[in-house]
Amino acid sequence: MISLETYILITILSPLIVFLVTPLLSRNPNLRDLLGPLGGVISSYGAIEIMNAVLEGKIPKLDVLDIADGIKIGFEVTPLGAIFGLVASVLWIFAAIYSVGYMRGNQEKNQTRFYTFYAMAVHAALCIAYSGDLLTLFIFYEVLTFSTYPLVAHKQNELAQKAGRLYMSILVGSSVIFLLPAIICVWVLTGSLDMSKNGVLEGNLNPEYAPYLLAIFAFGIGKAALIPIHKWLPAAMVAPTPVSALLHAVAVVKAGVFTMLLILTNVFGIDFLSKTGASTWLIWLASFTLLITSIIAIYKDDIKARLAYSTISQLSYITLGGALASAMATQGAVLHIVTHAAGKITLFFVAGAIYVGAKMSKISELNGHGKSMPLIFLAFFIGSLSIIGVPPMAGSWSKFFLMLGAAESGHLFVLVVFSISTILNAYYLMEIPARAFFLKKDRDIKVKMPTLITIPIICTCFLTIILFFAMEPFQKLTSIMVN
Amino acid sequence: MISSSLGVWNYWVVFLLMMIGLFLVIGRKNLLKKIVGLTIFQTSVFLLYITFGKIQGGTAPILNNINNTIYSNPLPHVLILTAIVVGVATTALGLSLVLRINSEYGSIEEDDISAQDLVDYHELIETNKNVSAKFKK
Amino acid sequence: MTDIIIKNLPILVVICPLMMSLIVVLIPYNFLSWVITLSTTFITFIFSLLLYQEVYLHTSISYALGNWAPPLGIEYVIDKVSIVPIIIISLISFITTIFSSKIMPAEINSSSISKVYSLWLLAIAGLIGLVTTGDAFNLFVFLEISSLASVALVAMGGQKDKQGLVAAYNYLVLGAVGATLYVIGVGLLYGITGTLNLADLSKRIAEINDNKALIAGFGFMIIGIMVKAAVFPLHIWLPRAYAYAPSAVSVLLAATATKASLYILARILFSVFDISDTLIINTLQYVILPLSILAMFAGTIMAIFEKDIKRLLAHSSIAQIGYITLAFAIGTKASVAAGFIHLFNHALIKGALFMAITSMSFYINKRITINNLSGLGREMPITFVCFVICSLSLAGIPLTAGFISKLYIIKASISADGIWIAMLILASSALSVVYLWKMIEALWFHEGPKNLLIKENSLVYIPLLIITFLNIYFGLDASLVVNSSFEASEQLLGARK
Amino acid sequence: MDKNPILRIATKILFAPIILFGLYVQFHGDFGPGGGFQAGVIIASAFILYAIVFGLEKGKELFPLNINLFLLALGGILYGGVGIASMLLGEEFLSYNVLGTSNQAGQHIGILLVEFGVGLTVSNVMIALFYAFADFKTSGETK
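Residue numbers (the numbering used here), protein chains in the order written: chain A, 3 to 485; chain B, 26 to 162; chain C, 91 to 587; chain D, 2 to 144.
By construction, these hints were calculated from the structure, which means they are not laboratory data. Treat the hints with care, as some may be off.
Stated by the list, open to error - The list that follows gives simulated cross-link-like pairs (lysine-lysine, DSSO-like), each with its CA atoms no further than 30 angstroms apart:
(1) A:74 to C:423
(2) B:58 to C:205
(3) C:250 to B:154
(4) C:456 to A:164
(5) A:111 to C:545
(6) C:545 to C:528
(7) C:540 to A:157
(8) C:545 to B:154
(9) C:397 to B:154
(10) B:154 to C:528
(11) C:528 to A:111
(12) C:456 to D:138
(13) C:205 to D:138
(14) C:528 to A:233
(15) C:528 to A:164
(16) C:540 to A:164
(17) B:154 to A:164
(18) D:138 to B:54
(19) B:54 to C:250
(20) C:250 to C:545
(21) A:111 to C:540
(22) B:79 to C:302
(23) C:545 to A:157
(24) C:205 to D:61
(25) C:192 to B:154
(26) A:164 to C:397
(27) C:250 to D:138
(28) B:79 to C:293
(29) C:540 to B:154
(30) A:157 to C:397
(31) C:528 to A:157
(32) D:138 to B:58
(33) A:361 to A:302
(34) A:233 to A:364
(35) A:111 to B:154
(36) A:373 to A:361
(37) C:397 to B:54
(38) C:250 to B:58
(39) B:154 to A:157
Next comes chain A alone, as it looks inside the complex (with noise of 0.2 angstroms):
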């Protein structure tokens, strides 16, 4: 039987070498292209193995290169990296072939550089998941950031650029001057880089600190997008889709909040928190953040513009669940990455298709273009309802955990915010697929929707509704995780 440190190896090499032979196959396209959806089926299948054995208790744990003393590249599977990993890797085969249909549909140039670092991005992401120490996380958060710089600047015109230019700025900048000296911090304080199921800093910090090395942390990992650091996602909206579908809605801003979470839990310890109380001013900024970027996103005429605010204010109900400090809570919280990834990324494969497909990108163009594209619009429908959390698709779960433990906690505002949210979601989601069936049509136009486009958006669609029915693996891991 493969033993448990290979199945690790399986997940996190397969997409390295993609980025590897990608760059070799630029001379036939074909396949070149079948490489990604290889590559996210074996990963897919080695994320599974894994998780199942997280399942049953076992944790594999990989050491890969020791650099000096203490120091260590090391991967570890917690219950919360087991489920980003199955994630990504899942949602890479659809994305891989998506995003073959858009270029072929948008004749974009330079593909080969695009999938090697595609590829890059993804091996990065899973690293991070299955990061065993504070400084494997940081080196692998920094590849992430370093990896998707070429997609963002992708088209490589004076906005791409611009973007790029703010991207790296954000990103590298509230890393480098933030979250570093935050992980050295607790590196001085416990003395070693590793974490532990239930904190490391119970009894290496007098509470007074905790909120400030918090507000560290907090405001270094920028990839979670809370209001101050959240420029970035719009600006990298300027790149393909097929990037703002996988890594915007899955690889990077996961990214972000699993190391926000993987902090809150394993850094912190959930009831050192809540005994400190270090994570109230969390819940504050969380919930501003959620409320003010929804209301913002009504206002985008943009599709994916709309999309990015959409899902800053998704990003913020994961920490907001983290920083509610209670068990329930937090397993809303990591229930909340599975849902939203799912749904967002059908969401954004709508917007490239709507964009490939008839050349618009504007929602006040898409009157009565439901009947042109109706799967196409279906699956908006199904995959907002997901988001806005309605029963038969996965989001209720999450959301009905998240208010559970905002409940359990006693921060009872916390309820009001999620409602008024929810309430928000709905309004500036379902604008879309109204718009598309029920106004008249001004002007008709010929689609021609490649069908590489549609599947992965029909599978991701379903995947919303298996995952309502199909959701009790996730919660079993949930509650390892949290007890």
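Chain A is fixed; fit chains B, C and D onto it per the hints.
For chains B, C and D alone, kept in the frame of chain A given last:
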């Protein structure tokens, strides 16, 4: 009384020379005068070392066969021998540079030189600017 | 034969390049002089590796010259502290000599090539001697040998661009003033203690408590060395000297010259004087610490606004020197070790960056400024990839050597509860990303002259590949560098704090 | 300069004694004041005097540049050679008391050779410097 002040007297000269040398190096704009200042500065160090070596009543540190004569300490003298050679090397290098600068720039006044350098620097940046401007669409 | 070599290793490392520099000057054929220089630097590197082994066999080797017993005669001291700069200098000089084969003839007319290589070996011998000697005045002699040879080398740049002469002139005058200040300091200390041997000096200084001449001597010595090490306010000579020197020379000087003087600064501060007496603590806290913080920010900001790339890299060197002096100024064992780690890593990083830029200007045969960088990335892929990796290493991005040194400096400053110092370090290193990114963006994204038919010459990019590989290797497996630095700081600070 | 007979004759007469005095200073270095540096400068001054009075070309004829460079390097190599010889004989670098039969003789030989090496180098450096400055054409000929 004089001998005690004598020791002090030497150091006054040393540090006076040193400050004159430094002033010339910093104050003067002419490159040649800087080299002269530098040499004065280094000579003052030689004097400093020799005054350290002087032992009262000691003769020059050259062996003479009258036994138990007191010699002043030979070590500073030897060190200064090397320091002199170093001083010569520095001055020679400095002067040859001044010559080359004079033949390239036509003057050894610091202001004219830095003026010409500034002109060259901006010219270099300008020529490349329109090169890259041509390629920006 | 081998035991003679082993016994005389400390001196062999110095006289091997020194003697060969005298021989090389007589060789008329340019290629032959390059071959001899290359083999000499290679042998010196092998000797330094053997020395590394010897030092870790018995903790410190003292080698008396000309059968005068140590306190009187000149004593060469090799211990775990001085082996670090020796390895740095010999390694970098070997790689740079490979690099100089194609680059040197392009900038210096063929009649004076063998003279340049003799000066080249002389400068290397001076630097290695500076680091091995245990005698204060002998240190001055080597200081002068290395700086005069470097001035002459920089002046060679005057053949291509006349500003090289003025840069050499400034370097000479400032270097001579610095060295003379150092001699005055040594003289004052000799006047009080009566000895020139550094180890003996530190014993005698410990006995004298706060004698005025001692403080004056210390002051002169430190200022003199700070001029040579280009610590912030005294660094005016460095940008122009590195910018207008011939390409290969600027690579050598950028990576090794200041490193030797920084090591001497550490040796004077910590081993000659005692870290626990108030004089040193005050100097560290109220002089060197603020100066290095100023250096970090001034260097980086100057680099951001600089147009000429070689000057930009020189300004960034000043900022990096600020990191090293800051690490020394914090004064704990961990921070001095972090200083040594960055001493090693910065030599690799800055050497690689200068190599990349100078090979680019060699290919397009023009002086590189931010404007004519545009589009070159696609024309010369190997050089560009190496340049990107090494600038990531400068910014301290993980998996590179720069990250390791940044990690340890911040850890040292935080554990010396200087969280503000850590924040300042990170802010300035984040600022350094600005000018690095400006260059990378210009190289890759901007449109430039197409199909320049640049054929990347193997002799030029092989050393670049070697040094980039070292940058990554010491990022992945830094245990060698980290352990020897901690051993060095252990020995340097000894039983003290 | 070269048409003035008094100077020409004076230099012709003085040339040999200066060299002789230089050699005297050179080889009496270890008893009385003297040694390599001073002797080298004295010997160099003889050649420079000749070059000044008889013109640079004649000076170069007397003492050509490439020999000058060769001797310059030879002096340094001699100095280092003594050191390496003593190293090969088992002692530390430059402990030349090993060279001779007894310590005393070894010291004697060693210091003599070393001083001679220094004398050679210093004299040739001074001459080289004089040549460099003397025929420096303003056209920027390389140093």
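Hints, verified against the model:
1. A:74 to C:423: Distance ~22 angstroms between residue 74 of chain A and residue 423 of chain C Cα, so the pair holds.
2. B:58 to C:205: The hint holds at about 29 angstroms.
3. C:250 to B:154: Given that 30 angstroms is the threshold and the Cα spacing comes to 22 angstroms, the pair holds.
4. C:456 to A:164: holds, 29 angstroms
5. A:111 to C:545: Holds, because 26 angstroms separates the two Cα atoms, which is no more than 30 angstroms.
6. C:545 to C:528: holds, 25 angstroms
7. C:540 to A:157: Roughly 19 angstroms separates the two Cα atoms, so the pair holds.
8. C:545 to B:154: Holds. Residue 545 of chain C to residue 154 of chain B sits at ~25 angstroms (cutoff 30 angstroms).
9. C:397 to B:154: Holds - the C-alpha atoms of residue 154 of chain B and residue 397 of chain C are around 10 angstroms apart, at most 30 angstroms.
10. B:154 to C:528: Within the cut-off at roughly 15 angstroms; holds.
11. C:528 to A:111: Holds, because 24 angstroms separates the two Cα atoms, which is no more than 30 angstroms.
12. C:456 to D:138: holds, 28 angstroms
13. C:205 to D:138: Given pair residue 205 of chain C, residue 138 of chain D holds - Cα atoms ~20 angstroms apart, limit 30 angstroms.
14. C:528 to A:233: Cα-Cα ~21 angstroms, so holds.
15. C:528 to A:164: holds, 12 angstroms
16. C:540 to A:164: Holds: residue 540 of chain C and residue 164 of chain A sit about 23 angstroms apart, inside 30 angstroms.
17. B:154 to A:164: holds, 20 angstroms
18. D:138 to B:54: Measuring from Cα to Cα gives roughly 25 angstroms; hence the hint holds.
19. B:54 to C:250: Roughly 25 angstroms between the alpha carbons, so the hint for residue 54 of chain B and residue 250 of chain C holds.
20. C:250 to C:545: holds, 23 angstroms
21. A:111 to C:540: It holds: about 18 angstroms lies between the C-alpha atoms, which stays within 30 angstroms.
22. B:79 to C:302: Holds. Residue 79 of chain B to residue 302 of chain C sits at ~21 angstroms (cutoff 30 angstroms).
23. C:545 to A:157: holds, 28 angstroms
24. C:205 to D:61: holds, 21 angstroms
25. C:192 to B:154: Given that 30 angstroms is the threshold and the Cα spacing comes to 29 angstroms, the pair holds.
26. A:164 to C:397: Answer holds: residue 164 of chain A to residue 397 of chain C is near 20 angstroms, not above 30 angstroms.
27. C:250 to D:138: holds, 18 angstroms
28. B:79 to C:293: This hinted pair holds, its Cα atoms lying about 25 angstroms apart.
29. C:540 to B:154: holds, 17 angstroms
30. A:157 to C:397: holds, 27 angstroms
31. C:528 to A:157: The hint holds at about 18 angstroms.
32. D:138 to B:58: OK: residue 138 of chain D and residue 58 of chain B at ~22 angstroms, within 30 angstroms.
33. A:361 to A:302: holds, 18 angstroms
34. A:233 to A:364: holds, 21 angstroms
35. A:111 to B:154: holds, 28 angstroms
36. A:373 to A:361: holds, 16 angstroms
37. C:397 to B:54: Answer holds: residue 397 of chain C to residue 54 of chain B is near 28 angstroms, not above 30 angstroms.
38. C:250 to B:58: holds, 27 angstroms
39. B:154 to A:157: Distance of about 24 angstroms is within 30 angstroms: holds.
Consistency with the previously given hints is maintained throughout, with no hint failing.
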